[in-house]
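Visitor: Sequence:
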Amino acid sequence: MNSSANSDWTSHEMYLIASRGYALYLQGRYREASMVFEGLVAIEPSNRYFRVALATIYVAQEDLERALEELNQLISRYPNDPEARTRRCEVCLRLERKSEAQDDLNYLSLRETSHVRRLRLLMATVASRRSKNPSEAT
Numbered sequence: 001m002n003s004s005a006n007s008d009w010t011s012h013e014m015y016l017i018a019s020r021g022y023a024l025y026l027q028g029r030y031r032e033a034s035m036v037f038e039g040l041v042a043i044e045p046s047n048r049y050f051r052v053a054l055a056t057i058y059v060a061q062e063d064l065e066r067a068l069e070e071l072n073q074l075i076s077r078y079p080n081d082p083e084a085r086t087r088r089c090e091v092c093l094r095l096e097r098k099s100e101a102q103d104d105l106n107y108l109s110l111r112e113t114s115h116v117r118r119l120r121l122l123m124a125t126v127a128s129r130r131s132k133n134p135s136e137a138t
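Take the sequence shown: its letters are residues 1 to 138, numbered as in this note's numbering.
Bear in mind the hints are in silico, worked out from the structure with no lab data behind them. Predicted model, so just to flag it, every value in this text is computed and none were measured. Backbone N, C-alpha and C define an ideal beta-carbon position, used for all residues, glycine too. Don't take every hint at face value.
[To be verified] List time: in silico DMTMM-like cross-link candidates among lysine to aspartate or glutamate, alpha-carbon distance up to 20 Å: (1) 98 - 69; (2) 98 - 65; (3) 132 - 83; (4) 98 - 83; (5) 98 - 62; (6) 98 - 63.
[Claimed, not checked] Have a look at the derived ranges for each label pair, beta carbon to beta carbon: (7) 32 - 106: 31 to 39 Å; (8) 127 - 39: 16 to 24 Å; (9) 126 - 8: 44 to 52 Å; (10) 128 - 7: 43 to 51 Å; (11) 95 - 117: 38 to 46 Å; (12) 72 - 35: 19 to 27 Å; (13) 27 - 95: 20 to 28 Å.
Required output: the full structure, derived from the provided sequences and hints.
Guide: Laid out in structure tokens, this is it:
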């Protein structure tokens, strides 16, 4: 059975490839891992795991804008996904987009997810660093 109407790939085949991509990620071979998951996302754009993995790899590569783009795509498909919103909040903080991060934190706070306390601490840390080093905020 095909997992996508536009693909001859089975779910099993795609997850075998994904497991190789994940192994590459664990080895620190981020460029190769991103290529694997970019291909998988092209084949199966609605697959949540492939998009989360790709965003995670982009973060590891310090390509935060691409990670944010991938997370935005994921959240547009799965607006109630707490992991995607948590990761997007973290990426927004690293990009110094505090209001966007705050929006995700507020959303997560209403749902009592396990990530809220950690994200609040991260936001406070980022704010504290900015107040100590105002020249870095520009």
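Visitor: Would you mind marking each hint as holding or not holding in the structure?
Guide: To see whether the hints hold, each was checked on the structure:
1. A C-alpha spacing of about 17 Å is found between residue 98 and residue 69, which places the hinted pair at or below 20 Å, so the restraint holds.
2. The straight-line distance between the Cα atoms of residue 98 and residue 65 is roughly 15 Å, inside the 20 Å bound, and the hint therefore holds.
3. With a C-alpha separation of about 31 Å, the suggested pairing of residue 132 with residue 83 is violated against the 20 Å cut-off.
4. Straight-line distance between C-alpha atoms of residue 98 and residue 83 comes to about 18 Å, which keeps the hinted pair within the 20 Å bound.
5. Between the alpha carbons of residue 98 and residue 62 the distance comes to roughly 18 Å, so the proposed pair stays at or under 20 Å and holds.
6. Between the alpha carbons of residue 98 and residue 63 the distance comes to roughly 18 Å, so the proposed pair stays at or under 20 Å and holds.
7. Taking the beta carbon of each, residue 32 and residue 106 are about 37 Å apart, inside 31 to 39 Å as hinted.
8. Restraint check, residue 127 to residue 39: a C-beta distance of roughly 39 Å breaks the suggested window 16 to 24 Å.
9. At roughly 46 Å, the beta-carbon separation of residue 126 and residue 8 lies within the given 44 to 52 Å, and the hint holds.
10. A beta carbon spacing of about 48 Å between residue 128 and residue 7 agrees with the range 43 to 51 Å that was offered as a hint.
11. With their beta carbons about 22 Å apart, residue 95 and residue 117 fall outside the hinted range of 38 to 46 Å.
12. Evaluation of the 19 to 27 Å hint for residue 72 and residue 35 yields a pass: the beta carbon distance comes to about 21 Å.
13. Restraint check, residue 27 to residue 95: a C-beta distance of roughly 27 Å satisfies the suggested window 20 to 28 Å.
In this structure, the hints that do not hold are numbers 3, 8 and 11, in rising order.
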